[in-house]
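S.K.: So you can see what is in the structure, the chains are spelled out below.
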Amino acid sequence: MIASAAFDILLCLLIVTVAVGSVAARDLFGAVALYIVYGLLLAIGWVRLGAVDVGLAEGAIGAGLTGVLLLGAAARLKAAPDPPRLRIVPLLLCLAVSLGLGAAVLSLSVPQPGLVPLVQENLAASGVGNPVTAVLLNFRGWDTLVESVVLVVALVGVWALAPDDLWDGRPGAAQRVKRDAVLNTFGRLLPPVGLMVGIYIVWIGAYAPGGAFQAGTVLAAVWLLAIMAGVAEPPPVRRPLWRALLVLGPAVFLLAGLHGTLWGAFMSFAPAKAKTMIMAIEFTLTLSIAVTLAMLVLGRPRRPA
Amino acid sequence: MTDLLYVAALVILANVAVSAWRVLHGPARADRIMGAQLIGTSGVALLVLLYLIHGSSGVLDLALLLALLAAFAAVGYVKSRSADGAGDPEVAGGEDP
Amino acid sequence: MTATLVYGLAGSVLVGVGLYGFAVRRHLLRQILAFNIIGSGLFLLFGALARRTPDGTSDPVPQAMIITGIVVAFAATALAEALAERYQELTGRTALEEDSKPAPPDEQESELRG
Amino acid sequence: MIADAVTVLLIGAGLFFFVAGTVGFVRFPDVHSRLHALTKADNLGLGLVVLGAALQAPDAATVLKLVLVWLLTLAAAATVAQLLARSALEDGAP
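Chains as they are written, first to last, in our numbering: chain A, 1 to 305; chain B, 1001 to 1097; chain C, 2001 to 2114; chain D, 3001 to 3094.
For the record, the hints were derived by calculation from the structure and aren't laboratory data. The hints are all genuine.
Cβ-to-Cβ under 8 Å is the rule here; a few derived chain A residues that face chain B:
(1) Ala6
(2) Phe7
(3) Gly21
(4) Phe29
(5) Val37
(6) Ala43
(7) Leu56
(8) Ala60
(9) Arg76
(10) Ala174
(11) Ala181
Since we're looking at a predicted model, the values are computed, not measured. Heads up, the beta-carbon is just placed ideally off N, CA and C, and yes, glycines get one too.
Based on the provided sequences and hints, a complete structural model is requested.
M.R.: And the structure:
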């Protein structure tokens, strides 16, 4: 009991210290390196909160995609001198915000059943055994549908920043890699394992922690590694097949939702068909999320197709 | 048994804290990425211990995921060292083989 | 209950830390990082409060919302990074202009020409 | 009962290597010796922890998963050690 509390307290202290370090670090590179560590520690924190689904999402994004995105950004952006200075007024204001939130936590920490009973009651009709997946794809499917569209919109925003002559070019730089050397070999070794883990995570999401977002992020990360290792080449952004892949998941989701209209309401699944529909959405959404997230990390087109 | 596992987890957490100090202070950039890599390995070990404590197989899946992605930050780092983000320390002078 | 308290308080502190970084740091990438710290602090706060069920299971509804939140925050980060890069290309700067101090006229003109 | 004792012993031995690796990482004088301390000791430590956990595994699938965890970390460490060592050389480390 004491050891368990000590672990939580030490982990939280570490998380907060690393965050402070990331904000206070003298140089940009140090701030980014600490931020990567921060994401990793948060994933462990989510496990301690009994939210393994969230831990999987945070781990895949924090350990996989954020590192590549932010280290690339830190290299491309000039590191202008920005010495840490202590500003008293903002410090006091932020302290007040933290104290207010802390007081709210203290006053709210009385046992509350929340929405657990409601979810448990309807879980059998949702088509899946993992309550988080049931909420994501059935009870609050609206949120997830709109979110999957938001990802594509963000990608369109990134692509729109390309200069005119590269409007439909290829994202990312041409990778210089020594063939059959260490990185190249690693890039050929990892994708099969990554594909297996990705499929496992989306498949197990039906009744245990996992699902489309976590699996999509894993696949995106593995694809990016293959690109960086010179094993795969990102497609030009105008290639129709890839554009179709980007919207496949949201489109299937929307069609499933419209199909629900026949049964009464948009986005409602009949219990008998729910499992099939949710799995169809999950697998196509995984593909779309993987392609979208990887393209987001690669950024706008940088070279001709 | 559980208490011993927690003690082991605390030892690894202390390791993480020490490595985080290296990430903050460097001195070389490679040191900082190494520190992040060490924290990744420690994180996997922590999750294996937490799997034994909680007994939920999802925790082990997270360990598997972190192990799969363990090299990402470091590969992203060596790539970001060149101006165009495409370099590789294995290619001498940056020319194509 | 301990977990709710410990992680909830950590989340509260993280929001303050991120806000401070967002207010004080000028470099755009540092501001993006600080903004993400605010976000993850709020997620942690939300997740901790989801844990206060009598039997200790975590409420799945906040969990699902946090997962969507994490993925959207990542997409927003990628978009913000691309904007910062383009901003640097056009203006040569990596920090936004202070509101109280307008740029000298000749500099403004060169910005308009892009 | 015996399995529990062996698990505790293996995890204890694993912790020893973790601590040794971290001490080397903090105390060694230059990038390459730090890299050397880190990529070997820690992965041996993780291997021992994984072995200890495997003794408690309820089924073969869990053992397989644990072994995969270790193999993936080893492959990552080997790759990263190569790349970081070369990058430090390019940066002019001794």
